[in-house]
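Got chain W sorted already, so can you dock chain C onto it with the hints?
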Amino acid sequence: MGFLTYVVLPLALLTGLAWVARAGFRSIAGSFGAVFRAMPLTAAFGLTVVGLYVLAALFAPAIAPYGESQVFDEFNLFPGENPDFVLGTDQLGRDLLTRLLYGGRNTIGIAFVTTALAFLIGATLGFVAAVLGGWLDQVLSRTVDVLMAIPQLIFALLLLTIFGQSTVNMILVIAVLDSTRVFRLSRAVGGNIVVMDYIEAAKLRGEGLGYLIFKEILPNAAAPLLAEFGLRFCFVFLLIAALSFLGIGIQPPLADWGTMVRELSIYIGYAEYGDWQAASLPLLPAAAIALLTVAINFTVDWMLDRYSGLKS
Amino acid sequence: MSSGRSLVKIRDLKIEGLAGEDWLPIVNGIDLDLATGEVLGLIGESGAGKSTVGLAAMGFTRDGCRISGGSIEFDGIDLVAAPLEEKRSLLGRRIAYVAQSAAASFNPAHKLIDQHTEGPVLHGVSTQQESQEDAMALYARLRLPEPESIGFRYPHQVSGGQLQRAMTAMAMSCRPDLIIFDEPTTALDVTTQIEVLAAVRDIVEQFGTAAIYITHDLAVVAQMADRIKVLLKGDEVEENDTRAMLEDPKEDYTKSLWAVRSFRRPEQPPAGSGVEPVISVAGVTAGYGAAPDVLHDVSFDIHAGRTVAVVGESGSGKSTVARCITGLLPPRGGEVRFNGEALPAHYRARSKDRLRQVQMIYQMADTALNPKLRIRDIVGRPVQFYGGLRGAELRRRIEELLEQIEMEPDLYIDRLPSELSGGQKQRIGIARALAAESQFIICDEVTSALDQLVAEGILKLLDRLQNELNLAYMFITHDLATVRAIADEVVVMKDGRVVEAGPKTEMFTPPHHDYTDLLLSSVPEMDPDWLDRLLEQRGVENIGEAARVRLD
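Same order as they appear, the protein sequences are chains W and C.
Using our numbering, the letters of the first sequence correspond one by one to residues 514 to 825.
Using our numbering, the letters of the second sequence correspond one by one to residues 951 to 1502.
Just so you know, these hints were derived from the structure itself, not from any lab.
Just so you know, not all the hints are guaranteed correct.
Said to hold, decoys possible - DSS-like, lysine-lysine: derived pairs with alpha carbons at most 27 Å apart:
#1 K728/W with K1322/C
#2 K1200/C with K1183/C
#3 K1322/C with K964/C
#4 K1302/C with K728/W
#5 K959/C with K1061/C
#6 K1302/C with K959/C
#7 K1302/C with K1322/C
#8 K716/W with K1302/C
#9 K1183/C with K1410/C
#10 K964/C with K1061/C
#11 K728/W with K716/W
#12 K716/W with K1322/C
Next comes chain W alone, as it looks inside the complex:
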């Protein structure tokens, strides 16, 4: 019964919403509508979920019933026990629905900034390496190889311990570590583009590095980079959640899903006594993470298929 209410029903609702949204956009004439006419339901589902998450993140203060770290007398409430707290409260008496909304806002926001930074660093260096080649390419590539050889989570833990935990430090550390993957991709994609005659023509015209990268290479590399952005975002998101779960990610009183999973994980024990509702509480933030990851992957698959002809 719980499975039906909390899993099947929301998914069916989201799919239905996606279908309706797609149908709505399809009726728009012209090239904008044409994009949606060729869109599979998975992509519509992905876009709808991502859209809802973004809206929830942006308008969390308006939607959430209480303040982010507002504490009430009634702690450890289960869902449905008190109509004022739809999803119950945690061990400190904070409303879980509010925490979930703000958690999304924090985690998604930080993950987005981190991914954007990783792309700025990785793509710029990757293209520079592709255009200039030679010793600079060697130095950059080998440095990246070294960074990639160390397991990312352990390396991030190490660096955060050295530099001290703070949100800014976390963003920088993850961005630098993740930019290595972006570097590899953009160097490879850029390498295929720089051999084109139009790049040779631009070089012989006397164009500078900036023009080559941003006007000639970037527009042609946009599709694979965009697809990679979606995937990277997922990984960064998961990494932040993992760090938070380990206690050195996003710090209280800021809400975030990784910390929520950890805090609610004590309820897993209730499964032993057959209290499935309580036992599945940590699944709330976990499911929120999983749903977003799946939705982004759906969207990315569709973009890959559409813009680069790659079949996923």
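Positioned in the frame of chain W, the structure of chain C alone reads:
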């Protein structure tokens, strides 16, 4: 030869291709008859549907294509209705296919002879041992060097012409009734092409095999085919015996195909000895990386208003000379002078104005234009970059340039390269070179990727621009017909050396340097007897690679 019994009978064949979500017609109702032992030439521009028809004769269509109507009969078997199993027993055994690029068609991981014997063994025609012996016999017949051992090499260990002949041998391995040749010599140099042509014709005659020979080169098809069928955009234009077709084409389109090689630029007299050349290549020696020199003491001059054609086979170093002039490959010795002044060796060391003076038009317009930029940006960038024009002035200059290349500005200025045809893209490439207002343009095989009619248009345009703007062209090409059409002077290169140079008329009248002679005589002519005559004159041992090796 058409006395044989009917082998292939295609009636009202219609084929459609998938474009996005719609099925568009590619072939609209073509009839084709082929008797045993007969060779049919299929010719047409790219997109005429000749390869599609050729493949359909095997009962096969490419991915994303479907046979939507008509019938295909091979020796009484209905290939449209035949189940896959039945077709499989025919393909390779009774019908064989020779593709354009042998290098891409052979599996690089297996020896030639192992790929050769696969078909006969699989079809149960012969055992591995028999098939190997047969392969060696075929290699000998096709005059491949060391027929006993060449089969045990890998594809990358033999030359392009040899590979194409090995593929012909492979097609013959089951002694099929029909071979489909899909542009087998298009990717080859003229001197190499001729031996493949001789080999193909020899084998078709020896074994009485019927063949469909697909090509866009009229002179080639004149040598190979008994009958010629001309296709245009999926429709048949006309069909006739080769001689009749060459002497008396009926349709206007066919006549225009026959007439394309007619364009001749009046040859300019050589510039006086006191005139400073625009570009002077003086004793240039160059090589890549740590490798030995690929250019040896190359020298020639290009004067204003003149076209110098640099000819040679692939690997002769003609493109490398262009890279030395543009500064992409700094020469190891010698120098390049522009109006008497030495140009810095590396392009990065050249000033903006120096860079402006050497412009380039590329062979592949597809890779020469950034697919994400609009025409206004592609043509406008050099104007803006060198001339500093902005706003309305910039737009006026772009429009002027588009008019110069005979393209309607309002129609094309906001298009992407993907929204243009091949010839139009090449014109944009020309406009980009003109935009720099230089006196000198390097044209690197600018017409070789284009259909003949379109290429003709490009040559005429280049000629007109040269007369109007007094441009100097360096024309890199391997196509001697183009040289005849447009050059004033010719530089013949071989193995990184200039073997002969001089005014066009001198170059095309004997006596020649031996290599020039070989190059010139290897260019197919629109005469069905040309190959026979040449083989008679020179003997089969004295064409193609064999002849070239003898020259060294």
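Hints, one by one, checked against the model:
1. K728/W with K1322/C: Within the cut-off at roughly 9 Å; holds.
2. K1200/C with K1183/C: Distance ~18 Å between K1200/C and K1183/C Cα, so the pair holds.
3. K1322/C with K964/C: With Cα atoms ~35 Å apart, K1322/C and K964/C exceed 27 Å; violated.
4. K1302/C with K728/W: holds, 19 Å
5. K959/C with K1061/C: Violated. K959/C to K1061/C sits at ~36 Å, over the 27 Å cutoff.
6. K1302/C with K959/C: violated, 63 Å
7. K1302/C with K1322/C: holds, 25 Å
8. K716/W with K1302/C: Answer holds: K716/W to K1302/C is near 11 Å, not above 27 Å.
9. K1183/C with K1410/C: Within the cut-off at roughly 24 Å; holds.
10. K964/C with K1061/C: Violated, at roughly 39 Å.
11. K728/W with K716/W: Measuring from Cα to Cα gives roughly 12 Å; hence the hint holds.
12. K716/W with K1322/C: Within the cut-off at roughly 17 Å; holds.
Hints 3, 5, 6 and 10 from the earlier list are contradicted by this structure; the remaining hints agree with it.
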